[in-house]
Amino acid sequence: MGKAYKYGENVDTDVIIPARYLNIADPKELSLHAMEDIDKDFAKTVKRGDVIVAGKNFGSGSSREHAPLVLKTVGIKAVIAPTFARIFYRNAFNIGLPILESREASEKIDAGDEIDVNFKTGRIRNKTKKETYQAEPFPEFMSSLIEKGGLVNYVKEKKL
Amino acid sequence: MAIIIRPKAEKSKDEKPVNAEDRQPKLKHSKKPPMTMTQKILAAHAGLDFVKPGQFIEANLDAALANDITGPVAIREFERMGAKRVFDNTKIMLVPDHFTPNKDIKAAEQAKELRDFAKKQGIVNYFEVGVMGIEHALLPEQGLVAAGDVVIGADSHTCTYGALGAFATGIGSTDMAAGMVTGKAWFKVPSAIRFELTGKPGKWVSGKDVILHIIGKIGVDGALYKSMEFTGSGLENLSMDDRFAMANMAIEAGAKNGIFPVDDKTRAYMRAHRSKTAEKHAHTYVADSGAEYENVFEIDLSRIKPTVSFPHLPDNTRTADKAGNVKIDQVVIGSCTNGRLEDMAVAAKILKRRRVADGVRCIIIPATQRVYLDCVQLGYAETFIKAGAVFSTPTCGPCLGGHMGILAAGERAVSTTNRNFVGRMGHTDSEVYLASPAVAAASAVMGKIVDPEKLLARKRLSPGVPFARTTDNGTSQKKQKGVQNGKSI
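These protein sequences, in sequence, are chains A and B.
What the first sequence shows, in our numbering, is residues 1 to 160, in sequence order.
What the second sequence shows, in our numbering, is residues 161 to 649, in sequence order.
To be clear, the hints were calculated from the coordinates, so they are not data collected in a lab.
Note that beta-carbon positions come from the ideal geometry of N, C-alpha and C, so glycine has one too.
Treat the hints with caution; some may be incorrect.
[What the hints assert, rightly or not] In the EDC-like style, the derived pairs of lysine to aspartate or glutamate whose C-alpha atoms are separated by at most 20 Å in a straight line are:
(1) Lys-40(A) x Asp-589(B)
(2) Lys-266(B) x Asp-26(A)
(3) Lys-348(B) x Glu-147(A)
(4) Lys-156(A) x Glu-218(B)
(5) Lys-158(A) x Asp-589(B)
[Stated by the list, open to error] Across the chosen pairs, the derived CB separations fall in these ranges:
(6) Ile-545(B) x Lys-28(A): 52 to 62 Å
(7) Ala-43(A) x Lys-280(B): 33 to 43 Å
(8) Ala-43(A) x Phe-216(B): 27 to 37 Å
(9) Lys-44(A) x Lys-487(B): 56 to 66 Å
(10) Gly-149(A) x Phe-216(B): 16 to 26 Å
(11) Lys-266(B) x Lys-120(A): 53 to 63 Å
(12) Thr-45(A) x Arg-245(B): 53 to 63 Å
(13) Arg-48(A) x Ala-505(B): 36 to 46 Å
(14) Pro-27(A) x Phe-216(B): 42 to 52 Å
(15) Arg-103(A) x Lys-280(B): 45 to 55 Å
(16) Phe-216(B) x Lys-28(A): 43 to 53 Å
(17) Ser-462(B) x Arg-48(A): 54 to 64 Å
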């Protein structure tokens, strides 16, 4: 369970992790700058288990895997949005950052709400507002990627 | 309005593009459902007779690309996968273009990681600084991408190669690593939106204006998860460089890919760019008549005006003539969107015997070494320098706020790049206005955003006047006869 950070529509990868830091290889060092250009306090206040709730087209823009990676590194348990930009979507599954598509949750959750997520059922519980929202079910292939723990394990199992 | 939206494709309409031919073998007794161009390429690369939207497939790759930002991450994942060798050392393309020539020590270390890996793996298509170019201009130029290919790239603008009739899409570093190991990538087969182009664009209207216009109409997620397929008689009026700019920005509408049919211009381009292997292996896929499209947009190119995306989203468009009084501090002409020879040519045409306005920094960056050399040989370089512009060797640099033209708080730039997000080119309080090379060059001269037509009404400097701000002997131009305050345009 964790606290919700709330953002608007079209949160792009340039604000999730600005390109000026892409010369940094270490995910921990990189993650100190997570969300810096949209929320200067995020990296300082975020705790393991917190969730990000945003508007449509989350993660738009560049293909930088650094974006889902920094969110995973700071301990974000899930990103909830009505839709995700497609490269961010596949990167999240590939590296094991859980994301959920739910328009209702995106609209109803406010910043600071206590949120619990069940990834098996796709159920999102808002403990503050005492509400439950249902996320879109994942396609079977995506679920199998999650079960294997991401694309690295998937490739390891399949090919090597 | 130049755009008409129809909710569903009219299936009776002949959807075969002009000048395209179907070289695909017809399957006997085939009852396969009609497919879009993208779906046909994906089916062929997955070894399937047909695919349908939403289906998950694994497709064989003709090329996999990474750069100095995404490559090092991919290399680490490649090692985590326990791999020793890449699946094919001729099909991996590694291009250090983002922070090169190395902008700082950390960037240098990342570039070195890429270089060391390329050496160790015997990567044939590694491009060092000196022969390097911006990846999405370089690969087509080097004949490394052909019609009908499936290409992934750990860079979102990989969709550029759709201009050649290839399926090309951006992916992340872990996908790149998997591609390097297996030669395959997983895809969810996309549905498609069709853009039926007619008419001829006006004098100062380029592919960039067309794609900005389209993004302005459908929004930054208007094609989310989908293919953008460009068709219609208007294609014959769009050059390859126009098409590259359009396919390049498909991602800015959220698309998985943008794709053009293969016509005489495509074939001529592949021949001219020594694409021996490319042309030999090129397959021309044509969308089936009756293929399903979620939407069809009809666009009359003759009605599109020079277009500018205002901050901070590419879909925040206005025509340049309605930009208002937007004063600027910087102009960038270059990038994977607009750093090709035609882009340089139009900038030179506008800047010839003109001068960049006082207080404006104009940075011109050809996308590849070849374009750079062409600029030198055709006299464009001299024109740019005399106009008071900076003329640099290839780099993605300023586009993503890396180096070579970062903006301070409160500064505004007109840029021929592809994104104008908050902080994209520097400080979070700076602003980027996306435009074509023609609008950017004209704006550089006027010191504010203008339609090129407006500038051309004004006279050029006479041939006898020294144009550079500083003459050969170091005398300030302001002391020269006939030039006052550097403003005699």
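To see whether the hints hold, each was checked on the structure:
no.	hint	result
1	Lys-40(A) x Asp-589(B)	holds (14 Å)
2	Lys-266(B) x Asp-26(A)	holds (11 Å)
3	Lys-348(B) x Glu-147(A)	holds (18 Å)
4	Lys-156(A) x Glu-218(B)	holds (16 Å)
5	Lys-158(A) x Asp-589(B)	violated (48 Å)
6	Ile-545(B) x Lys-28(A): 52 to 62 Å	violated (45 Å)
7	Ala-43(A) x Lys-280(B): 33 to 43 Å	holds (35 Å)
8	Ala-43(A) x Phe-216(B): 27 to 37 Å	holds (35 Å)
9	Lys-44(A) x Lys-487(B): 56 to 66 Å	violated (37 Å)
10	Gly-149(A) x Phe-216(B): 16 to 26 Å	holds (18 Å)
11	Lys-266(B) x Lys-120(A): 53 to 63 Å	violated (41 Å)
12	Thr-45(A) x Arg-245(B): 53 to 63 Å	violated (45 Å)
13	Arg-48(A) x Ala-505(B): 36 to 46 Å	violated (55 Å)
14	Pro-27(A) x Phe-216(B): 42 to 52 Å	violated (29 Å)
15	Arg-103(A) x Lys-280(B): 45 to 55 Å	holds (48 Å)
16	Phe-216(B) x Lys-28(A): 43 to 53 Å	violated (34 Å)
17	Ser-462(B) x Arg-48(A): 54 to 64 Å	holds (57 Å)
Taken one by one, the earlier hints fail for this structure at numbers 5, 6, 9, 11, 12, 13, 14, 16, listed in ascending order.
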